[in-house]
Amino acid sequence: MILVSMILKAKGSEVVTVNPGTTMIDALQIMAEKNIGAMIVLDHSKPVGIFSERDFVREIAREQCLMLKLPVESCMTKELYCVTPSSTSDECMAIMTNKHIRHLPVMQGDELVGIISIGDIVKNMIEDKDLLIDNLQNYIFGPSFGR
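Under our numbering, the first residue of the sequence shown carries the number 1, and numbering increases by one thereafter.
Simulated from the structure, these hints should not be mistaken for lab results.
For each residue, glycine too, the CB sits at the ideal point set by N, CA and C.
Fair warning: there could be bad hints in the mix.
[Said to hold, decoys possible] Here are the computed distance ranges between Cβ atoms for each label pair:
| no. | residue 1 | residue 2 | range |
| --- | --- | --- | --- |
| 1 | Cys82 | Pro143 | 38 to 48 angstroms |
| 2 | Ile140 | Arg58 | 45 to 55 angstroms |
| 3 | Ile25 | Leu132 | 26 to 36 angstroms |
| 4 | Pro143 | Leu68 | 14 to 24 angstroms |
| 5 | Val122 | Gln29 | 18 to 28 angstroms |
| 6 | Arg58 | Asn135 | 36 to 46 angstroms |
| 7 | Ile133 | Cys82 | 46 to 56 angstroms |
| 8 | Gly142 | Ala61 | 50 to 60 angstroms |
| 9 | Leu132 | Lys78 | 35 to 45 angstroms |
| 10 | Ile140 | Lys78 | 48 to 58 angstroms |
| 11 | Cys82 | Gly142 | 19 to 29 angstroms |
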């Protein structure tokens with residue numbers, strides 16, 4: 001069983017955040033610099049939303065270029081679905097699939113401790129599968145198999 005805490009340990013727990021008044025253009029510049037697809041929106045250290053590439057695309061289709069100076073709170077996703085470090089990757093996948101989202105804030109009580117993306121889940125599943133295959137091959141054929 002893969003836990004969120006294991007994924008966070010491998011990827012790091014840095015979370016890029018913005019406040020609700022950050023303009024979308026500033027948020028997009030941060031996302032481009034950090035090569036990320038979403039940021040948690042914090043108001044007084046409390047998560048109040050998530051601003052993602054998808055939020056931007058929806059808003060630009062509606063408002064065109066006028067919206068670049070609007071604050072992220074005007075188009076962020078306000079309904080947050082969170083996980084904890086002890087959540088499993090299966091639980092994360094179920095939430096992401098059922099809610100059609102790609103990012104989950106990781107909360108330890110009231111504290112934001114990380115963010116998990118669908119890419120993190122897939123990467124970890126591939127690594128886990130590869131390790132399982134190696135272990136099975138070593139068990140069946142011996143440690144020198146395939147080398």
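Okay, the hints, checked on the actual structure:
no.	hint	in the structure
1	Cys82 x Pro143: 38 to 48 angstroms	holds (42 angstroms)
2	Ile140 x Arg58: 45 to 55 angstroms	holds (50 angstroms)
3	Ile25 x Leu132: 26 to 36 angstroms	violated (45 angstroms)
4	Pro143 x Leu68: 14 to 24 angstroms	violated (57 angstroms)
5	Val122 x Gln29: 18 to 28 angstroms	holds (27 angstroms)
6	Arg58 x Asn135: 36 to 46 angstroms	holds (44 angstroms)
7	Ile133 x Cys82: 46 to 56 angstroms	violated (33 angstroms)
8	Gly142 x Ala61: 50 to 60 angstroms	holds (58 angstroms)
9	Leu132 x Lys78: 35 to 45 angstroms	holds (39 angstroms)
10	Ile140 x Lys78: 48 to 58 angstroms	holds (52 angstroms)
11	Cys82 x Gly142: 19 to 29 angstroms	violated (45 angstroms)
When each numbered hint is compared with the structure, violations occur for hints 3, 4, 7, 11.
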